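> Reconstruct the complex from the two isolated chains, following the hints.
Listed in order, the protein sequences are those of chains A and B.
Heads up, the first sequence is in UniProt numbering, so the first residue is 1 and it goes up one at a time.
Heads up, the second sequence is in UniProt numbering, so the first residue is 1 and it goes up one at a time.
For the record, the hints were derived by calculation from the structure and aren't laboratory data.
Computed from a prediction, not measured in an experiment: that's the story for all the values here.
Here a beta-carbon is modelled for each residue, glycine too, at the ideal position from N, C-alpha and C.
Among these hints, one or two may not hold up.
[Said to hold, decoys possible] Now the in silico label distances, taken between C-beta atoms and shown as ranges:
hint	chain 1	residue 1	chain 2	residue 2	range
1	A	G258	B	R20	53 to 61 angstroms
2	A	G242	B	S90	52 to 60 angstroms
3	B	R88	A	D156	24 to 32 angstroms
4	A	A70	B	R124	49 to 57 angstroms
5	B	W19	A	D156	20 to 28 angstroms
6	A	R31	B	Q83	33 to 41 angstroms
7	B	Y226	A	P195	37 to 45 angstroms
8	A	K103	B	Y226	51 to 59 angstroms
9	B	P42	A	T129	52 to 60 angstroms
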Amino acid sequence: MFRRSFFVAALAALSASLIHSPLSAQSAKLRVGVEGSYPPFSQISPDGKLSGFDIDIANAICAEMKADCAFVQQEWDGMIPALNAKKFDMIVASMSITEERKKAVEFSDPYYDVPSRWVAKAGAFTEATPASLKGKTIVVLRNSPRAKWVQDTYKDSTVLLAGKEPEVYMELAAGRGDIAFGSSVVSGEAFLKKPEGKGFAQVGQPVRLDAGGGGVGIALRKADGELRERVNAALKAIKANGVYRTLQDKYFDFDISGG
Amino acid sequence: MDAPPVDWSVIFGALPNFWRGLQITLMLLAISMSSGLLLSIPLGVLRVSPRRWVSGSVWFYTYVIRGTPLLVQLFMIYFGLAQFEAVRESVAWPLLKSAWFCAWLAFTLNTTAYTTEIVAGALRATPPGELEAARSLGMGTAAIYRRILLPGALRRALPQYGNEVVMMMHATALASTVSIVELTRVARDVYSDHLLPAEAFGTVAVFYFVLTFTLVGIFKLLEQRYLAHLRPKQPERKAG
Chain A
1 MFRRSFFVAA LAALSASLIH SPLSAQSAKL RVGVEGSYPP FSQISPDGKL SGFDIDIANA
61 ICAEMKADCA FVQQEWDGMI PALNAKKFDM IVASMSITEE RKKAVEFSDP YYDVPSRWVA
121 KAGAFTEATP ASLKGKTIVV LRNSPRAKWV QDTYKDSTVL LAGKEPEVYM ELAAGRGDIA
181 FGSSVVSGEA FLKKPEGKGF AQVGQPVRLD AGGGGVGIAL RKADGELRER VNAALKAIKA
241 NGVYRTLQDK YFDFDISGG
Chain B
1 MDAPPVDWSV IFGALPNFWR GLQITLMLLA ISMSSGLLLS IPLGVLRVSP RRWVSGSVWF
61 YTYVIRGTPL LVQLFMIYFG LAQFEAVRES VAWPLLKSAW FCAWLAFTLN TTAYTTEIVA
121 GALRATPPGE LEAARSLGMG TAAIYRRILL PGALRRALPQ YGNEVVMMMH ATALASTVSI
181 VELTRVARDV YSDHLLPAEA FGTVAVFYFV LTFTLVGIFK LLEQRYLAHL RPKQPERKAG
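Chain B on its own, in the form it takes in the complex (with noise of 0.2 angstroms):
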């Protein structure tokens, strides 16, 4: 009736600040991605520790994080911390104090928990035959976790692991509540400047699926790649 005509000259005007959000959007998923894997997989190996205190201490800090929704970690980071003068006076304050390490920090601590479970899952479905007979043959323990256990999980974990980063792609948008001017924040922007919320979620949504779709993408590739010995054997034709 009265709806105003939708208006994508205001959306082509801001393309720049689209693809300027969209490399925040990058950079935040690559930094904390990479932080959270090199920590995960040390943590995954002692979340499955026979040692009772080492895996349940591990368990508790996936169970906390895995327990609360990243928006209140992030908000407990970023304005809970900022209120007590301890902290503000703390060495640690000239890094508390930026949004980007707020986020960075949140981020990574979400990531590893969920990283955390994927990799101890993984460890834990190692075929039993495969350790005997690395043992067989006299492999150490260091030696099994390198040679066998590692390298199988880390292959095994790849599915799992690869939702996981479109998940966080698509949580980085929280980092809008935080004054980083990702994608999410650039789409807000543009629907409370011009109040166009179609255009401005319409485009946006747009770009996140072309990311989604890519890094699912990347990681078939690395499937078909490392996890060549998993799939059905192509029947073998018979001679004749």
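The shape of chain A in the complex, shown without the other chains (with noise of 0.2 angstroms):
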């Protein structure tokens, strides 16, 4: 009898640790989702280390919040799955506020807003009206606000769907679009000032697609609102403080906090 309990004492035990601990684990430290593949806001450099205006921003925020933050880094598909998956506790990776979104995670309060642009060959086109474009081909990210907005508007055209941002441009560059629709700064900052981008220009003016409250924001659980309410603070914080200026300028020479 007293083996037996003993037993079942060291099993409670041993299952309480391997329960607890990740959970004490994760209070002390912020596991941040970030994607890598968007640059100049998220990138990963050639020795493998993660940089970015995100990657920067996320940093600042853990500072300002005293948290200890780890990177995981995640496709973009899966971003918002592997988010509730619990895989890590916020998503810091350009990720546009909308309404469809906010039905799956709850958002804190824009970190920069930016419109989006249309890019093609020099001369190619004058405009970019559903009448320009019909019969074109037009290179957008999956799984974005852009992509919807332009397969929901230029009904007469292609749409070539890429998995990252910067294959849209690759994509354009082949050759295999006509026309490339993604973000003013990506595009500006990260394929225009290019050797690839020679020969490309913006076409039209920048486009502002605000269904959803706009502005890009950091994902959380919907559970997590004490969280929110912390980053919220922080981004506060660090906008006062001028740190969120330092970043910026460091990558722009234009204000992208949206106000």
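Listed below in structure tokens is the structure:
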């Protein structure tokens, strides 16, 4: 009898330590889901290090919250499911705030807000209306509000969906698409300023897709309301104390905060 | 706990997409396997050639292809070649521009390498007695290949070739990475649009499972028909 109860107690202690240790570690360590292929916001340098505006903002917020953060890299398609499966605790991956995503996750206040922009061979198009793009192939990032908007608005065009934002411009440069629609900052900084982007230019005016409130936020699990408040407070603090401004100026010569 | 319940209504709504994806998957498989088989038979014959430089060059091709992942081969053709202006301005570009052509080319090169080795192996396994008998009847090399070696080897290759077809069917999922909307792409889209991984991938797994067992069944029938002579004989009943 004694041996049996000892065994049960040992088992209980073991399972308790197994169940509780990740939880107690979790409260100390925050895991941040990032994407790594959205320059200049998120990229992996040749030596395997993550860098970019998303990464710097995440570090600044973690420092402000006095939290110990670890980055987890995740493919774009699986971001939200991975968050809800607790593979990490927040997503800092230039994720636009949309009504559809709000059904699955909670968003912080926007940490930046930039318009989208059309890019094509210089002189190929003067404007990007559904009529002028009729029968043409539009390249856009899969699983993004931009893709949804293009598919809904440009019904007479072919839509080529790329898996990552850099592939949007690879497909455009290769001639598989006639015109690309992407983040104005990614196309401006990571394509048009590079040798691959020679001979390409922006088409028409910047486009704002504001269905869902607009802007780019940090995504959190619905149940983590307390963490969301800490993140929002930290975001407010780094905007007030000039850290945000310093980080922005490291990458951009214009204001991306969206006011 | 706070996990959403399994939601099948989305899957029912997406079934037409899965159905179209299935057709694309079968089309990819059909075009790759038919061109692959057409190329593999002559290449298999060359692979067993007594001339070292002939068999050596075919070996080199199958060695390189079998030594690298199909996904890498597909990316080299689809993304890699597009990087060079010389390729983009060549006459081949209208073809290489198309995702379908790139997928077909990569799949064909890949399955040809494996099938060539299967055919070569089956040719080598020809019983020496059959060759001796053919020679004693005065058949030339061409006649021996046509009447003895190839008919026998292709039959013996059937079980292995059936495996190759199933493996290639699974490999068509890689076409989802180059913008072709086949079964896996449909599943990934359903998953990312509705955030239902279990339902989306579970459904597509059932599709692949049924496809696999259909293919296995077809090859079982072919084997019964063409490998009947290799089955153990039914014991003859003694009269009395």
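> Hint by hint, say whether it matches the structure.
Hints, one by one, checked against the model:
1. Taken as a hint, the range 53 to 61 angstroms is violated for the pair G258(A) and R20(B), whose Cβ atoms sit roughly 40 angstroms apart.
2. For G242(A) and S90(B), the Cβ-Cβ distance of about 54 angstroms falls inside the hinted range of 52 to 60 angstroms, so the restraint holds.
3. Taking the beta carbon of each, R88(B) and D156(A) are about 27 angstroms apart, inside 24 to 32 angstroms as hinted.
4. A C-beta distance of roughly 55 angstroms is found between A70(A) and R124(B), which places it inside the suggested range of 49 to 57 angstroms.
5. In this structure the hint that W19(B) and D156(A) lie 20 to 28 angstroms apart at CB holds, the actual value being about 25 angstroms.
6. As the Cβ distance of R31(A) to Q83(B) is approximately 35 angstroms, the hint placing it in 33 to 41 angstroms holds.
7. Between Y226(B) and P195(A) the CB atoms are about 58 angstroms apart, so this pair departs from the stated range of 37 to 45 angstroms.
8. Distance hint for K103(A) and Y226(B): a CB-CB separation of about 56 angstroms, consistent with the stated range 51 to 59 angstroms.
9. For the hinted restraint 52 to 60 angstroms between P42(B) and T129(A), the CB-CB distance of approximately 54 angstroms keeps it satisfied.
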